[in-house]
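Engineer: Following the hints, put chain B with the ligands in place on chain A, whose structure we already have.
Sequence order for the protein chains is A and B. Quick note on the numbering used here: the first sequence kicks off at 456 and runs consecutively. Quick note on the numbering used here: the second sequence kicks off at 170 and runs consecutively.
Take the hints with a grain of salt, since some may be wrong.
Which residues of chain A face chain B? A partial, calculated answer using Cβ under 7 Å [stated by the list, open to error]: (1) Pro-506; (2) Pro-664; (3) Tyr-667.
Heads up, simulated BS3-like pairs for lysine-lysine below, C-alpha to C-alpha not over 27 Å straight-line [unchecked claim]: (4) A:Lys-566 / B:Lys-294; (5) B:Lys-284 / B:Lys-341; (6) B:Lys-294 / A:Lys-499.
It is worth saying that the hints were derived from the structure and are not from the lab. Don't be surprised by glycine CBs; every beta carbon is placed ideally from N, CA and C.
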Amino acid sequence: MEAIFWWVIFPYITLAIMIFGSIYRFAHRQLTWVAPSTEFFEKKWLKIGSPLFHYGLLFAFIGHVMGMVIPKGFYHWIGVSDHMYHILAIYGGGLAGLMIVAGAVILLIRKMTIDRVRVHATFADFFSVISLIIVAGLGVYVTLVYNTTVVAYEYRDTIGPWFRSLFVFQPQYELMRAVPFVFQLHVISAFALFASIPFTRLVHLYSAPVHYLNRPYQQYRSRSAYKRKGI
Amino acid sequence: MRVKAQVAMVMHLDKCIGCHTCSVTCKTTWTNRPGTEYMWFNNVETRPGVGYPQEWENQDYYKGGWELKNGKLRLRAGGPITKLMNIFYNPNMGSMDDYYEPWTYDYDHLINSPKSEHLPVARPKSMITGNYMDKPEWGSNWDDDLAGGSEVVSRDPNVKGLQDHIAMEYEKTFMMYLPRICEHCLNPSCVASCPSGALYKRDEDGIVLVDQEECRGWRFCMNGCPYNKVYYNWNTHKAEKCNFCYPRTEAGLPTICSETCVGRIRYIGVVLYDADRVKAAASVEDPQDLYEAQLNCFLDPFDDEVIKAAKEAGINEEWIKGAQESPIYKMAMKWKIALPLHPEYRTLPMVWYVPPLSPIMNHITNEEELNTDGYIPAVDQMRIPISYLASLLSAGDTSVIRKVLLKLTAMRVHMRSVNVGGIDEIGKSKLLEEAGTDVETIEEMARLLGVAKYDERFVIPTGRREMDDDLHYRQGACSLEDLAPPEGLVTFSSERGK
Ligand code: HEM
Ligand code: SF4
Ligand code: SF4
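Excised from the complex, chain A in its bound form (with noise of 0.2 Å):
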């Protein structure tokens, strides 16, 4: 019962309200939706933190997409041992966790010490640091510490599919039982932070403006057809 709350009804809920959480923002909350630049009140922190922070992510993403969308057969078939991916986990992950959780530390301390930052930070600006130094950090522990000292996990035979299972809905919740406490620690606290996505200014991760890249750069609008497109 326990397994069945934790690992099917918690991550639909959290899903739930963080998709039409950030569809109910984007439809009739359009003036809030912003990335949270403090870039204005300081600069020499945030030169370090943010990339390190939000390039940390990037290499972090694209790591769970490796361990947990794409299948351990496919590793196989193209040729990557168990080891040679572990070792691949391990510095890479752990290269990215640390990376994360570095540049939040600094943001945070940015945060609380400067200030014309802290003035205007809200409370949800410091929860969403906080809460991704949490989750980052139980990643870095598990890549780093645990899988070094304790044993080597195999997670993409049983939080991968489990993870896999989810968007099938199908949830194999039976394989999450066994899964080491740290690991189901992270997990649940990073479906947790994907539930406070739409409170908080996170909902810029959504705009990542990639159409920049084949857009003309110059835009002409006219007043009568834009007005109407926005009735």
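Structural biologist: Showing chain B with the ligands alone in chain A's frame:
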């Protein structure tokens, strides 16, 4: 030919008295909310000086505007790929320290202070942190009237590039005012810099706006604009900028800065231009050719072909008439006495400046005995060095400035002879020829620059609402969104718009 209409402004710098009324009325209209305290859509800076934000002309720092690389026009701060890589930290954007930390005073203390031996004072208090500030150290016009002294003047990027020595001794020094708003450029680099596509140029009147719903706060427009005229609202985390008071201009009224300008230095009108020529004009090799290239984009509103093409492009009679009577067309395109600010940024700016003349005549002491030709060399020995004005208004080409100053001088001399006499007639002198103008033009110029009334200074056709695609559809609709059904009062569904 792709005809478009553009509202534009001319500022006649001779008449600016540096009173900042324009800035204040603009501020009370647009930027008096939290997050906008430090913004001045209109600001007036004393030149030589560093301006607002400090040293905004230093493009090695802000990397604003366009540059020509291997014959191709590109954003100085880098194209889309560079931008996306820099999105987490924009290395070229100014911070609050480049502008200033806005503050208020603790006025309450004056009233609530307990009885004490000394008079209570209102201490300055930051509007950002709420902390007391021991001493404010910079503001939007801190160096007003050269009050920064030689220390600040030497940081003026135009002074740095100047050959002539700028005299700072009290008797020899000079200053002028430079009121600035967004230029509503023909080739706006702010629009090009925006990853979200939130900035756009309006088809109908060329006003450059930020869509507040689409802006995601990626903040590349801030320094992408070489004039630093897009501002970051730290409260909404979105960009804001001068909107040419479009709710006023659409109703045929001048912008609030122009309406309230004490010196009456501002003129507003419409010009027609060919959008197909813009890119080529911005891409000419030599920066000193940019001024001429920009002038080539404008169309003669009296030309039958142009009128025909304009009508086909949906520009109505009223706007064509506006373009014909436009004071901007006269000053910038016909008489060529108004110049674009820093054309070398390649954005083709649309606020034009008539360079100041008054201080240059200072050394002429005995005008009674001067003949008209005597004014010609005087133009070259002005108090404001021509090269300084050229650095501002013609990418360093002094001959352009000299020509304009000769025209203004000819006007001054001729009007003096008409009104005061005592000078030989201008027709006989070489001044007219050197200036490339004639008496009739001069008199027209004198009228527009000197005595023109409200209706002559501001020729603003009202918003082209009748060109809305489907007026029937809008019948009965309320112009105030959300108050009435936006689709209007429709009786039969067959009458509904597309
Ligand atoms: C999709 C691509 C993303 C882009 C383009 C992006 C961009 C940005 C930008 C421009 C800022 C403001 C930095 C500043 O202060 O100037 C920012 C802040 C932030 N971003 Fe992202 N971001 C992305 C993805 C993400 C993701 C996936 C997360 C986390 C799940 C995230 C978390 C944050 C946080 C927590 C901050 C606030 C940092 C602070 O405390 O100052 N971002 N992001
Ligand atoms: S002056 Fe105005 S239109 Fe031109 S680039 Fe700057 S903000 Fe854009
Ligand atoms: S109101 Fe007019 S005269 Fe006064 S500073 Fe502004 S532009 Fe100059």
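Engineer: Can we keep the Pro-664 of chain A interface hint, with Cβ of chain B closer than 7 Å?
Structural biologist: holds (4 Å)
Engineer: Can you confirm whether the C-alpha distance between Lys-284 of chain B and Lys-341 of chain B stays at or below 27 Å?
Structural biologist: Distance ~51 Å between Lys-284 of chain B and Lys-341 of chain B Cα, so the pair is violated.
Engineer: At a threshold of 7 Å, is the proposed contact between Tyr-667 of chain A and chain B supported by beta-carbon distances?
Structural biologist: Status holds, d = 4 Å.
Engineer: Given the proposed pairing of Lys-566 of chain A with Lys-294 of chain B, does the C-alpha separation stay at or below 27 Å?
Structural biologist: holds (21 Å)
Engineer: Given the hinted pair Lys-294 of chain B and Lys-499 of chain A, is their Cα-Cα distance within 27 Å?
Structural biologist: holds (24 Å)
Engineer: A closest beta-carbon separation below 7 Å is what the hint needs, so does Pro-506 of chain A meet it against chain B?
Structural biologist: holds (5 Å)
The structure does not agree with numbered hint 5 stated previously, though it agrees with all others.
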